[in-house]
Amino acid sequence: MSETVSLIFWLLAVPFCIGVVPTNFIAKKWRSPGFVLLSGYFVMWALFEISAVPAVLWVEYDNFKTASAVFTVLTLSLAAAGIWLLYCNQKAGKPGLVTGKSKSRPEVSEAEGTGKDNDKRVSSTGGMKARAAAFGKWLLRGTGIEWLLFFALLGFQLYKAVAYASFDGDDAYYVVESLLAQEAGVMYRILPLTGGSTGIDVRHALAVFPMWIAFVSVRAGIHATIVSHVVMPLVLIPLTYLLYYEIGRLLFARENFPVFMILMAAFQIFGNVSIYTTETFFLTRTWQGKAVAGALAIPAVLWLFLLLCGGKQEKEAENEVEVEIEKGKEKEDRRGLWFLFVCVQMSVGICSSIAVFLVSLLTALTAFVLACVRRDLRLLFKFGAACIPNLIYMAIYVIVAYSYLL
Amino acid sequence: MWGIFLESVVIFKNFMGWHENHLLAGLYVFALLYLWLTEKDKTKRAIFVYAPTILLLLFFCPLFRKVFVRIMEDSETYYRLLWLLQMSIVSAYGLIRLMGRHRRIGLAVACLVIAACGDYVYDSEHISQAENAYHLPQEAVDIVDLIAPEEGRITVLVPADLIYYIRQYSTDIELPYGREMLIDRWDYYHAMYEAMEKAEVIDTPVFAELARTYPCAYVVLKEDREVKEPLTDHGYSVYGQVGEFVIYKDMTLQDQ
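Heads up: the sequence lines are chains A and B, in that order.
Residue 68 in numbering that gives the first Met the number 0 sits at position 69 of the first sequence, with consecutive numbering throughout.
Residue 18 in numbering that gives the first Met the number 0 sits at position 19 of the second sequence, with consecutive numbering throughout.
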């Protein structure tokens, strides 16, 4: 029981509260519980990089315990800041940080204006029959069937992740690294494959995702291998689909969200065309940092490009008047997104050191193309500045990798 | 340069599973071409059309590959550049735009095409019913439970079948060699591995002497593993059996 409570605390409550902080600095039209949770994870992983990488490099004994202590203080402080922001926001009567809705004037979102409209009316009039009729209408004429199908596919993937074991040779390295941190309290000082002592292998030591899993394992008091193979898929698979949902929100009108989600699920389930695809990594080695990089972190970069540089076309936006109002505050409202963009770049660093290079390349290339098509060279500098953590990461990598030459 | 280009083509084919007649790459290229022709929004065009196209060109560019491999000091991970294309998202976006108002029929057709062109992940030979919460073979768990020390660490020699799993269950068990010996292309040499796995019949005196240099407190062998002389003649005693694995304890270590 206490294990479950700990897992819920560290994998749901804490990231959710942290996610409120960047959400405070974005336009209310983008706010949603999904956005908050996703933001929370990326900020939390960025904090983990700050806590763990210096400890790996410069703390000789009990470096995992040191990193865990620093990370605990940082995350809990930021989570507390999130709760405080929620409180202040509510007190001031501003639009909700989680939903973006105003207290004084209930805003009618697209969903409520279309499909769910009937449900609202029915709920006010009451009556089981009417409710059932409205549900049937939503199911048949709305997007109900599609959503049911998507959740069935998601449930199927989660069931397979828990009930079936997926063998991957790299687990002998990554999962054992997590377990070593949990059992011995050290990071990257013991050879996971055999148990002998070792120096820092910079390629793996900077990608501290297994250490985050170890942190969760220690806090929950669950064996790191169980956390890797069972708990992580239960968290990371829904989180990835949450990201796809947020991307869908930017790309499509509401009736196409579930279609997009079903297609994404189909691509994941049938994407095993080779052992190299992100889809294969996503469902067969979900708990490994590189799988998170491919399925979650890289799409998150695209998501933020869409948010920062465009997103939904105005004609598709939820409320045109709202769009006009938002335009005036556009710059202010994007501070949270830029902060999040930096955090996503840093999150990539904990997943895989190669992915840092790849994501920097993607960022540079996409920023260049966007700067060209929008004829706005400032974009290059802005996105370049957001990549500074990656440059620092790569500089550390090179210095540590070639320190023997100095 | 031509050779490097052809290598990139092979990597792309392997990535997309063309050699096994998987055609999801075709679906992606189709979606990309469709977006080239129809996408009007500048931002989306930049993110879903121009950037992936340039990335694809870079992927096949020999000079870029040379630079990438030089920087990464690793040619095996070049395929990960293709992760940046985010084929699923781009394909799904293109397909939904193509569907237009024919949402349900379009979805059904698209799902059928994906299933036909792709490969069902849960058919993989690497996926099997979980035997326990660790998702490790139960035999590995049982063996470790049997031999794990109450305190400290011990070295144990296990067959290749168990090497991946033992330390995922307990890091108190150390191994003379690990998974690195099982990857042929790395081509490492390890005397203990040669004696344990490569020898058709285990040369017991040499084997026991080698195992004691670590020293291995236990040796686990498959019951049908051929040995020149029984291990019990060389200071080992049968400690237990788990499934097809027989566990031998080195009694000489106890005497020390």
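Bear in mind the hints are in silico, worked out from the structure with no lab data behind them.
Be aware that a few hints might be false.
[As the list claims (entries may be wrong)] Derived EDC-like pairs (lysine to aspartate or glutamate); straight-line CA-CA distance at most 20 angstroms:
#1 B:Lys227 x B:Glu208
#2 B:Lys65 x B:Glu6
#3 A:Lys159 x B:Glu75
#4 A:Lys64 x B:Asp171
#5 A:Lys159 x B:Glu208
#6 B:Lys221 x B:Glu196
#7 B:Lys39 x A:Asp169
#8 B:Lys221 x B:Asp122
#9 B:Lys41 x A:Asp375
#10 B:Lys65 x B:Asp40
#11 B:Lys221 x B:Asp186
#12 B:Lys197 x B:Asp171
#13 A:Lys159 x B:Asp144
#14 B:Lys248 x B:Glu138
#15 B:Lys221 x B:Glu149
#16 B:Lys197 x B:Asp183
#17 B:Lys65 x B:Glu75
Okay, the hints, checked on the actual structure:
Distance hint between lysine 227 (chain B) and glutamate 208 (chain B) is fulfilled; the C-alpha atoms sit about 14 angstroms from each other, no more than 20 angstroms. Our distance criterion of 20 angstroms between C-alpha atoms is met by lysine 65 (chain B) and glutamate 6 (chain B), whose separation comes to about 11 angstroms. A threshold of 20 angstroms between alpha carbons decides the hint, and for lysine 159 (chain A) with glutamate 75 (chain B) the separation of about 29 angstroms lies outside it, so the pair is violated. Using a Cα cut-off of 20 angstroms, the hinted pair lysine 64 (chain A) and aspartate 171 (chain B) holds, with the two alpha carbons roughly 19 angstroms apart.
For the given pair, lysine 159 (chain A) sits about 46 angstroms from glutamate 208 (chain B) by alpha-carbon distance, which is inconsistent with the 20 angstroms threshold. Only pairs whose Cα atoms come within 20 angstroms are accepted, and lysine 221 (chain B) paired with glutamate 196 (chain B) is accepted, the gap being roughly 11 angstroms. This hinted pair does not check out: lysine 39 (chain B) and aspartate 169 (chain A) have alpha carbons roughly 43 angstroms apart, beyond 20 angstroms. A threshold of 20 angstroms between alpha carbons decides the hint, and for lysine 221 (chain B) with aspartate 122 (chain B) the separation of about 28 angstroms lies outside it, so the pair is violated.
Taking the CA atoms of lysine 41 (chain B) and aspartate 375 (chain A), the gap is near 13 angstroms; set against the 20 angstroms cutoff, the hint holds. With a C-alpha separation of about 35 angstroms, the suggested pair lysine 65 (chain B) and aspartate 40 (chain B) falls outside the 20 angstroms cut-off, and the hint is violated. Under the criterion of a C-alpha separation no larger than 20 angstroms, the hint pairing lysine 221 (chain B) with aspartate 186 (chain B) is inconsistent with the structure, at around 24 angstroms. With a CA separation close to 27 angstroms, the supplied pair lysine 197 (chain B) and aspartate 171 (chain B) exceeds the 20 angstroms bound.
Under the criterion of a C-alpha separation no larger than 20 angstroms, the hint pairing lysine 159 (chain A) with aspartate 144 (chain B) is inconsistent with the structure, at around 27 angstroms. With a C-alpha separation of about 17 angstroms, the suggested pair lysine 248 (chain B) and glutamate 138 (chain B) falls inside the 20 angstroms cut-off, and the hint holds. Between lysine 221 (chain B) and glutamate 149 (chain B) the alpha-carbon distance is near 25 angstroms, which puts this suggested pair outside the 20 angstroms criterion. Proximity of lysine 197 (chain B) to aspartate 183 (chain B) is assessed by CA-CA distance (about 12 angstroms); at most 20 angstroms being required, the pair is judged to hold.
Taking the CA atoms of lysine 65 (chain B) and glutamate 75 (chain B), the gap is about 13 angstroms. The hint holds against a cut of 20 angstroms.
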